Amino acid sequence: MTRVLLLTRNAFRGMLHARSVYLWLFAAFLVAIRLLPLLLIPNPQVPQGFNPVMQQRLAEAIRNRRPNSMAGGLNDWSVLCIVFGIIVGATALSKEVSTKTIITTLARPVQRWEFLFGKWIAIQLFAILSLAIGFALFQAASRYFDVTFSSAIWLGAAHALVATMLYSAIAIAVSTILSPALSGALAVVLAFLPGLISFLTEDTGRFRHVIGVALSYVVPPGYSNLYAIAVRAGAAVDYSAQSKTLFENLGYGVLFFVLGCVVFTKREVRLG
Amino acid sequence: MSESIIQIENLRKTYRSGLRRAQVVAVKNVTLTVKQGSVVAFVGPNGAGKTTTIHSLLGFLKIDAGTIRLFGQPAGSAALRRRVGYQCEIFNTYPFYTATQALQYYGRLSGISPETLARAIPKQLERLGLGDARSRKASGFSKGMTQRLGLAQALLHEPELLILDEPTSGLDPEGRRLVLDIIRDEKSRGRTVFLSSHILSDVERICDEVIMIRQGEVVFNETIASLVAQTEEWAIEVEGFTGSVREQIGAETRILSIIGDKAVLLCHVSAKRGLLKTLLELPVEIGTMQRHRSGSLEDLYMRHVGKAE
Numbered sequence: 001m002t003r004v005l006l007l008t009r010n011a012f013r014g015m016l017h018a019r020s021v022y023l024w025l026f027a028a029f030l031v032a033i034r035l036l037p038l039l040l041i042p043n044p045q046v047p048q049g050f051n052p053v054m055q056q057r058l059a060e061a062i063r064n065r066r067p068n069s070m071a072g073g074l075n076d077w078s079v080l081c082i083v084f085g086i087i088v089g090a091t092a093l094s095k096e097v098s099t100k101t102i103i104t105t106l107a108r109p110v111q112r113w114e115f116l117f118g119k120w121i122a123i124q125l126f127a128i129l130s131l132a133i134g135f136a137l138f139q140a141a142s143r144y145f146d147v148t149f150s151s152a153i154w155l156g157a158a159h160a161l162v163a164t165m166l167y168s169a170i171a172i173a174v175s176t177i178l179s180p181a182l183s184g185a186l187a188v189v190l191a192f193l194p195g196l197i198s199f200l201t202e203d204t205g206r207f208r209h210v211i212g213v214a215l216s217y218v219v220p221p222g223y224s225n226l227y228a229i230a231v232r233a234g235a236a237v238d239y240s241a242q243s244k245t246l247f248e249n250l251g252y253g254v255l256f257f258v259l260g261c262v263v264f265t266k267r268e269v270r271l272g
Numbered sequence: 001m002s003e004s005i006i007q008i009e010n011l012r013k014t015y016r017s018g019l020r021r022a023q024v025v026a027v028k029n030v031t032l033t034v035k036q037g038s039v040v041a042f043v044g045p046n047g048a049g050k051t052t053t054i055h056s057l058l059g060f061l062k063i064d065a066g067t068i069r070l071f072g073q074p075a076g077s078a079a080l081r082r083r084v085g086y087q088c089e090i091f092n093t094y095p096f097y098t099a100t101q102a103l104q105y106y107g108r109l110s111g112i113s114p115e116t117l118a119r120a121i122p123k124q125l126e127r128l129g130l131g132d133a134r135s136r137k138a139s140g141f142s143k144g145m146t147q148r149l150g151l152a153q154a155l156l157h158e159p160e161l162l163i164l165d166e167p168t169s170g171l172d173p174e175g176r177r178l179v180l181d182i183i184r185d186e187k188s189r190g191r192t193v194f195l196s197s198h199i200l201s202d203v204e205r206i207c208d209e210v211i212m213i214r215q216g217e218v219v220f221n222e223t224i225a226s227l228v229a230q231t232e233e234w235a236i237e238v239e240g241f242t243g244s245v246r247e248q249i250g251a252e253t254r255i256l257s258i259i260g261d262k263a264v265l266l267c268h269v270s271a272k273r274g275l276l277k278t279l280l281e282l283p284v285e286i287g288t289m290q291r292h293r294s295g296s297l298e299d300l301y302m303r304h305v306g307k308a309e
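Chains A and B, in that order, give the protein sequences. Residue numbering for the first sequence follows the working numbering, beginning at 1 and increasing consecutively. Residue numbering for the second sequence follows the working numbering, beginning at 1 and increasing consecutively.
Chain A on its own, in the form it takes in the complex (with noise of 0.2 Å):
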């Protein structure tokens, strides 16, 4: 457990000498870019001359624009967050490996579970940072803007960081075989598929309705954006269901990790 703890501190030191610090100042600035139309223009006025559909549209967008940013600039911060895992988690090895450090440490009595898993546990400890940073920026401007969240709001919390830890295993996983480049556009598009799958699985189509099913099986359910409804005074959640997809992504996520050590146990550690 020591050399655990010892190889997350050092992964966690590494990201911050990365200056990975900047993916706050980057998400802050995305938030300053959703939030500064509440502040430049507080109260805007429906505007005339529409349809009276298009006129009742308007008028419901305009008096949700406050929650509506503000459970924006949530799920921009937490989709950072998960593209922060998949980024540091497709390059955590290939760094080790093209800097040789890992020489080194893999010459002392450490498994190579160990190593990956103080990666993995690192870049957790950072994204559960900079969602609790986010959080922090988001609580003082719902108070500003008098926004309120429903308790939904930590289940999307939660999606968030489980869809860290899902996807940037995904990615330490696949780097042990594959470069960095490649795992990192496989979690990506592993990110993308269960958009597609629920597309699939709803078709018609025989053909289309199969693959859809069988991808369903192999492809972890992903991130659910759940700002939205948490921001929506007397939505419904609905906590079963969204458990068991916390549940699946966590399942898929240490079964990916659990492939990832195996692999890397196996494999040679060849500095090219």
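Heads up, a few of these hints could be off.
[To be verified] So the derived list for chain A, only partly shown, Cβ under 10 Å to chain B, looks like this:
#, residue
1, L7
2, N10
3, G14
4, H17
5, V21
6, R63
7, T99
8, K100
9, P109
10, Q111
11, E268
[Said to hold, decoys possible] Label-pair distances were calculated between CB atoms; the ranges are:
#, chain 1, residue 1, chain 2, residue 2, range
12, B, R119, A, V237, 55 to 63 Å
13, B, N221, A, K100, 35 to 43 Å
14, B, G72, A, K100, 47 to 55 Å
15, A, L30, B, D181, 54 to 62 Å
16, B, S226, A, L16, 49 to 57 Å
17, B, T14, A, T99, 50 to 58 Å
18, B, K137, A, Q139, 52 to 60 Å
[Stated by the list, open to error] In silico BS3-like cross-links for lysine-lysine, where the CA-CA straight-line distance does not exceed 27 Å:
#, chain 1, residue 1, chain 2, residue 2
19, B, K272, B, K262
20, B, K262, A, K95
21, B, K62, B, K35
22, A, K266, B, K62
23, A, K100, B, K28
24, B, K28, A, K266
25, B, K143, B, K187
26, A, K95, B, K62
27, B, K143, A, K95
28, B, K62, B, K28
29, B, K187, B, K123
30, B, K143, B, K123
31, B, K262, B, K277
32, A, K95, A, K244
33, B, K123, B, K137
34, A, K244, A, K100
35, A, K100, B, K137
36, A, K100, B, K143
37, B, K62, A, K100
38, B, K35, B, K187
Source of the hints: derived by calculation from the structure; they are not laboratory data. The model shown is predicted, which means the values in this text are computed figures rather than measured ones. Where is the CB? At the ideal position from N, CA and C, for every residue including glycine.
We have chain A; now place chain B onto it with these hints.
Here is chain B on its own, set in the frame of chain A:
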């Protein structure tokens, strides 16, 4: 008889390379043994298979054939790595660590307690001439300092076996001498050292045995003592050297130089007594006598390894 610390038998290692996955033989057939307490040099040209052999020994690579045993057990386990200190050819550490922090990290990974490390790290840094740089970031170190830090991390947990890949490369003469002294010191403490090097004069100075590898095969394996015995001669100065004297001293005696009637004769250690007897019966004056090395390790290297290049 001392215990074998490293035993490699018929090691073969191939790689697949390129789009066509062509087979590249990195190590064809390596058999070697390193005894406890000895300093053994593993020399050969670039690409001969030295680092592949070392990495196979440490379990980084999967071998195609043969056996590798460390301390009598199959190599590759974490428990065995605890007993080994390894310095790779180009040592690199994390740029955010100071020298002390880097050693703390590696020391803790080797299972050393923080209390022991607090005592051992300053000593080790002083020993390697890095005492003044203990709080400096390793990323700002010169090549020589980084190499010495690499040696410090290998020595930190007091391993029974030291595997050093080019430990003196990139060092200035002072640094080189320091590292050689440390290797000698480690030997005197009973540690076994297996080092790969290109600097043959260093090998000659500190090693007990030399193993030469060429194109993945061991082509020469001899102790330095026997090498010295084979190549050591006596140089005898003779005054009054003439053609008739030349005829009578025998063909096995070589002539190093002739100036006027003065000559310097060379004979193998075993032939010295016979030559002196002959010279005493001839009308010559015998001058100084001194030991002379007829061939260096470099000559041997060129003979066994150099011709392939």
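Structure-based check of all given hints:
no.: 1; hint: L7; result: holds, 8 Å
no.: 2; hint: N10; result: holds, 6 Å
no.: 3; hint: G14; result: holds, 6 Å
no.: 4; hint: H17; result: holds, 4 Å
no.: 5; hint: V21; result: violated, 13 Å
no.: 6; hint: R63; result: violated, 50 Å
no.: 7; hint: T99; result: holds, 5 Å
no.: 8; hint: K100; result: holds, 5 Å
no.: 9; hint: P109; result: holds, 4 Å
no.: 10; hint: Q111; result: holds, 6 Å
no.: 11; hint: E268; result: holds, 5 Å
no.: 12; hint: B:R119 with A:V237: 55 to 63 Å; result: holds, 58 Å
no.: 13; hint: B:N221 with A:K100: 35 to 43 Å; result: violated, 29 Å
no.: 14; hint: B:G72 with A:K100: 47 to 55 Å; result: violated, 30 Å
no.: 15; hint: A:L30 with B:D181: 54 to 62 Å; result: holds, 59 Å
no.: 16; hint: B:S226 with A:L16: 49 to 57 Å; result: holds, 56 Å
no.: 17; hint: B:T14 with A:T99: 50 to 58 Å; result: violated, 27 Å
no.: 18; hint: B:K137 with A:Q139: 52 to 60 Å; result: violated, 37 Å
no.: 19; hint: B:K272 with B:K262; result: holds, 19 Å
no.: 20; hint: B:K262 with A:K95; result: violated, 68 Å
no.: 21; hint: B:K62 with B:K35; result: holds, 24 Å
no.: 22; hint: A:K266 with B:K62; result: holds, 9 Å
no.: 23; hint: A:K100 with B:K28; result: holds, 25 Å
no.: 24; hint: B:K28 with A:K266; result: holds, 22 Å
no.: 25; hint: B:K143 with B:K187; result: holds, 25 Å
no.: 26; hint: A:K95 with B:K62; result: holds, 22 Å
no.: 27; hint: B:K143 with A:K95; result: holds, 20 Å
no.: 28; hint: B:K62 with B:K28; result: holds, 14 Å
no.: 29; hint: B:K187 with B:K123; result: holds, 18 Å
no.: 30; hint: B:K143 with B:K123; result: holds, 21 Å
no.: 31; hint: B:K262 with B:K277; result: holds, 19 Å
no.: 32; hint: A:K95 with A:K244; result: violated, 35 Å
no.: 33; hint: B:K123 with B:K137; result: holds, 18 Å
no.: 34; hint: A:K244 with A:K100; result: violated, 42 Å
no.: 35; hint: A:K100 with B:K137; result: holds, 18 Å
no.: 36; hint: A:K100 with B:K143; result: holds, 15 Å
no.: 37; hint: B:K62 with A:K100; result: holds, 19 Å
no.: 38; hint: B:K35 with B:K187; result: holds, 12 Å
Against the hints set out earlier in the document, violations occur for numbers 5, 6, 13, 14, 17, 18, 20, 32, 34.
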